[in-house]
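Q: Each chain is listed here by its residues.
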Amino acid sequence: MTIPAPEPADRPRFLDAGEAALVVEFGAAVDPAINDRVLALDAALAADPPQGLAETVPTYRSLMIHYDPLALSREALVAAVEGRLAERDAAREAGRRWTIPCCYDPALAEDIAEAAGLLGLDAAAAAALHAGARYRVYMYGFAPGFAYLGGLPEALALPRRPSPRPPHPPGAVMIGGGLAAIGTVPMPTGWYVLGRTPERLFAPERDPAFLIESGDTIGFEPVGAEAFAALERRVEAGETVAGRTA
Amino acid sequence: VSATGRPILRVVSAGGGATLQDRGRHGALRYGITPAGPMDPLAHATANRALGNPPGATAIEVGLGGLAVAAEGASLDLALAGGAFRIACDGQALPPAVALTLHPGAVLSIRAGRAGAWCYLAVAGRIDVPPVLGSTATHTRSRLGGLDGRALAAGDGLAVAEARAGLGEPMLLRAPWLDRPPGTIRVVLGPQDDHFAPAEIAAFLDRDWTVSPRGDRMACFLDGAPLVHARGHDIVSDGVAPGAIQVPGQGLPIVLMADRQPTGGYPKIATVIGADLGRLAQGQAGTRLRFRAVSVPEAVAARRAEAAALEAPVALEPVVRTAFSSEFLLGRNLIDGVVG
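Protein chains in written order, with our numbering: chain V, 936 to 1181; chain H, 42 to 381.
For reference, chain V alone in the conformation it holds in the complex (with noise of 0.2 Å):
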């Protein structure tokens, strides 16, 4: 079968990030149109990977390739990328859908009065929009199993803090930016920290140590603090609480 090459338009931006890491930028936006593109290829080269790639980095708009360049050449790592990318009738598989608990109870939520302040909501109400959307994991970064969420609502959106707060603790569900997130190692943050669930996305003993793959999308179970309490028992027994729907 014959495969029309993709338009120049639709042609990504190859850039070097010195002579062993190469950035493909599909776009400049957070987007999940181009973010499809970027876990689409990001796919493509996990199924086949060519001699000498290392580990790749899918973000937002851009796949950053880390390689062995004695392995391989610049040349040969961006024919495989065009190659993969003419393929691309073989579509991603679809990304996982998880359900994740989630207490707003102001005791664990720490921030959750200051950010509905910010925003005109009562807390309540605050708690009761972010639990009701759906989220895309876009990407990780900034710590282990810190994980970029899309789809937050609107009316959620407020900037990040101008100096950063002590660190969130673990678990934390985090809002900021116009993004949601989830923290797993305690770190000083930007975000404000609107509930927390006692799922630990990050474990490095576990295998797998990290629950969910950029691309998969999330939504959160409000749960009181009760609740909150037992399954968090049962995440420290080794039990894995946040639901897989698909």
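Careful, some of the hints might be misleading.
What the hints assert, rightly or not - Sample of chain V residues facing chain H (criterion: CB under 8 Å; computed from the structure):
| # | residue |
| --- | --- |
| 1 | L950 |
| 2 | V965 |
| 3 | T991 |
| 4 | R1019 |
As the list claims (entries may be wrong) - Reference excerpt, derived from the structure (chain V facing chain H, CB under 7 Å, subset only):
| # | residue |
| --- | --- |
| 5 | G953 |
| 6 | E954 |
| 7 | A955 |
| 8 | A956 |
| 9 | V958 |
| 10 | V992 |
| 11 | Y995 |
| 12 | R996 |
| 13 | S997 |
| 14 | M999 |
| 15 | P1004 |
| 16 | F1077 |
| 17 | G1080 |
| 18 | P1143 |
| 19 | F1145 |
| 20 | L1146 |
It is worth saying that the hints were derived from the structure and are not from the lab.
Please read these numbers as outputs of a predicted model, since none were measured by experiment.
Just so it is clear, CB atoms sit at the ideal spot from N, CA and C, and this is done for glycine as well.
Assemble chain H onto chain V, guided by the hints.
A: Structure of chain H alone, referenced to chain V:
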């Protein structure tokens, strides 16, 4: 001796910033995992190779805070390579790139010297700490790897598996590839050089930059005349390669090092080539440097030359035969205050 009868390398004192590092935690950048690993991979590999270890084996990275260690239970062969640190074993001054047998009761001290910011202490055998996600590299910010994800402290004991000892007298490492004077650091322009006008890129390459004292394992901050962005300083976050030179809003370049985050949101004007990143890392605060743009093939050739240097075994020769003229000691700044 450890519970299993293996010798222990005991930390007698630690000035902060000494961590266990193997070749780094690779393969999970996509999940936000920082690679960590040695700041100067060539020196790290040289110390390991001098003892017959794999080049990426777990070793101790010593910073300007220094370190002192002792062997418990049995003698241990050790090797040091990196900056011009001041090394002494029970009061005997040693050159900065050296292999020796440390006997129980003796103390090996490693202290900052005139040049260099990192020194690697390798142990013949295997420092037995559990890998996390396939690596023992310490990343203190996320508390992963090494000893509980933290820097070494006085009293820590490192069990050494398959320990070897047999060097006898201290031996000098012949590693001419570690003679890398700072000065010019080669870069490949991009990935966001299009966020800067041609005159600003020229200024970036023409100006002198000075290594700031603010640096750590995450980043090397540079002082100088600020650069101006053509299209703002915010980009949609994308991947961050080792040596990426990001330019935040205030215009002063920051080179991202071993403990960098895998993604970031500032324009990256250029990327330090692999062969020059360790050299940059060894620059103490106040070091002046310039950047020079090279092509990808030139950067690959430099990387290939570096890899070739480590293919042959590292030659060792007795310290007593080669060195310790007063000129040598003066040249290495070893005469004053050597003995700790």
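Q: Take the hints in turn and mark each one as holding or not.
A: Consistency of the hints with the structure:
no.	hint	in the structure
1	L950	holds (4 Å)
2	V965	holds (6 Å)
3	T991	holds (6 Å)
4	R1019	violated (17 Å)
5	G953	holds (4 Å)
6	E954	holds (4 Å)
7	A955	holds (6 Å)
8	A956	holds (4 Å)
9	V958	holds (5 Å)
10	V992	holds (4 Å)
11	Y995	holds (5 Å)
12	R996	holds (5 Å)
13	S997	holds (5 Å)
14	M999	holds (3 Å)
15	P1004	holds (5 Å)
16	F1077	holds (6 Å)
17	G1080	holds (6 Å)
18	P1143	violated (10 Å)
19	F1145	holds (5 Å)
20	L1146	violated (10 Å)
Taken one by one, the earlier hints fail for this structure at numbers 4, 18 and 20, listed in ascending order.
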